[in-house]
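J.: Below, each chain spelled out in residue letters.
2 protein chains.
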Amino acid sequence: MTPKPLSFTILGTGALGGFYGSRLLMGGSVVRFVAHSDLELIREQGLRIESPLGNQHHLAVEVYSSADPIPASDVVCIALKTTQNHRLPELLKPLVREGTLILNLQNGLTLEEELAETFPQTRILAGLCFLCSNKVGPGHIRHLDYGRISFAALDERAGAWIPLLMETFGAGGIEVESLPSLRLARWQKLAWNIPFNGLSVLLGAETDALVTDPDARRLAKQLMDEVAAGAAACGVPFDAGFTGKLIEATERMTTYAPSMRLDYLAKRELEIEYLYLRPLREAAKRGVQLPAIEAIARQLSFVDRRNRADQGHG
Amino acid sequence: MTPKPLSFTILGTGALGGFYGSRLLMGGSVVRFVAHSDLELIREQGLRIESPLGNQHHLAVEVYSSADPIPASDVVCIALKTTQNHRLPELLKPLVREGTLILNLQNGLTLEEELAETFPQTRILAGLCFLCSNKVGPGHIRHLDYGRISFAALDERAGAWIPLLMETFGAGGIEVESLPSLRLARWQKLAWNIPFNGLSVLLGAETDALVTDPDARRLAKQLMDEVAAGAAACGVPFDAGFTGKLIEATERMTTYAPSMRLDYLAKRELEIEYLYLRPLREAAKRGVQLPAIEAIARQLSFVDRRNRADQGHG
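Line by line, the protein sequences are chains A and B.
Each number in this note's numbering corresponds to the 1-based position in the first sequence with 1 added.
Each number in this note's numbering corresponds to the 1-based position in the second sequence with 1 added.
In case anyone wonders, no lab produced these hints; they're calculated from the structure.
Remember, predicted model here, so these are calculated numbers, not experimental data.
Mixed in with the good hints, there may be bad ones.
Same chains, same names: a pair is fine if it fits in one copy or spans any two.
DSBU-like, lysine-lysine: derived pairs with alpha carbons at most 35 Å apart [to be verified]: (1) Lys94 x Lys268; (2) Lys246 x Lys286; (3) Lys246 x Lys94; (4) Lys222 x Lys5; (5) Lys222 x Lys268; (6) Lys5 x Lys246.
The task is simple: from the sequences and hints, build the whole structure.
T.: Here is the structure:
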């Protein structure tokens, strides 16, 4: 489509942004990172990426502070924790110009709708990431497994960008696919995230312990079925058997600690708002209660508050 | 009614049986304890009771093993953990004769109905204990606060015994009351036990932390309201405002660790069956699901299994 390589500005140099940004760079794109706490370190030493796709010890990257003037990019990627989303309008405003595409790599519900309220003229895509990657230190990313991105558009206008993005990420060695319904894709992702993120924190267990214990597995299925009820209430019902297959797929997965568990262990704020409270709210607007998800969300809010209050003693 | 003092055989010398048995003894009743692990110690050194009602360092008591021939008593008190209830028919058979009353001091649902299946001719009372007492060592009970027993009968035949029992426990310094409906009383007790026992284990918190945190409090209320729905399904609806008042009453209580939390910390089996699974089953029989309680019960089953599997590692 365009002979020039695509340019990306990536908000966040964590497990998600650091990894995908480095893959885009490998694939020949222009990549500009916006970093916060590890800005100086990345500027001096570059990014350190460990990955089955190849290790980089000092990957030199273009890196900016959010206060810097940043050159205009074709695509602005959101790779921050959703706990930072109150800062998004301020962070995005200088980056979003006429023709800029916003690609949101976060997890949760109503993220793109909320962006569209602030940037009604802007094309917005979601990239749902099936990725197991951790930030293990400043500027240091450990990609363990997977990496697929499923693209879905808020509207047709943005959808026209999907083929080019698939090609561009594909050139960086990333598996890609395109999904027809953003809302269905978001709810289907929640069907995994709601049980396994929350229970990994509340029960202090990784995915294999949860999926092999009969009670934790039944509870995961109960939560998934409530997600399915929420999706149906919002007009995007799952196929029959979807949640059952998702449990079975989790059984075949390499065991790992979901990101919420890593956040909890690092005493970072948990992503409760977009992963739990928004789905509850969207279902409730349509008159549907999801009581087990509500119970889990309240437990998470309790442990999150205590966990961060304990920070000093950690 | 009878000039002779009443005689009691008390199954269990824990926080409940040890405390109430000692109070009955103080009040002039004949008391026979059936002990298991601390039989020899109690036989040699007596019971040690610490209580605002008075301390006893070496309270000499009649104590038996369940294999001993035990003299017939007027009342057999069940003060074992419900995790032992599979042993009840065998333990009770030699103790229950014509005219014996069974007084069940345990927490949970369908306890008396189950006893009535094994002992259809026997009069059965429930004594719902509002007690804060811990077993802190072999033969060593620490009573912290409260102690009221609310008596309720399975049928009118057993109900005729209530005044005499009230008088007898009252003579031992125990506050007593009589409740008209056993099933309503059991469900109302669950309205406190289901949230506060389970959450104290899952959230690792005592009652004050739970009731003052906005999310834990909302969750406790959500669970209580599901208990109310279960009670209504079983034909014993709560008064409007009951659960709200119960939350407020908990706020005014001395903070403490509910018994399930103590069991968890001591790596003892948790009383999930009669406190959670039976209420879920009774409601489900009437077509009512209690999804938040179900979620909590499944989490408890998971942590209980892991907790006891870890026993070897301390």
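J.: All hints are to be evaluated individually against the structure, with a verdict given for each.
T.: Status of each hint after checking the structure:
1. Lys94 x Lys268: For Lys94 and Lys268, only the intra-copy Cα distance (30 Å) is at most 35 Å; the inter-copy one is 55 Å.
2. Lys246 x Lys286: both (28 Å within a copy, 29 Å between copies)
3. Lys246 x Lys94: neither (41 Å within a copy, 50 Å between copies)
4. Lys222 x Lys5: Neither: 47 Å inside a chain and 59 Å across chains, both beyond 35 Å.
5. Lys222 x Lys268: both (28 Å within a copy, 28 Å between copies)
6. Lys5 x Lys246: Result: close neither inside a copy nor across copies, 42 Å intra and 69 Å inter.
In terms of the numbered hints stated before, the structure departs from hints 3, 4 and 6, listed from lowest to highest.
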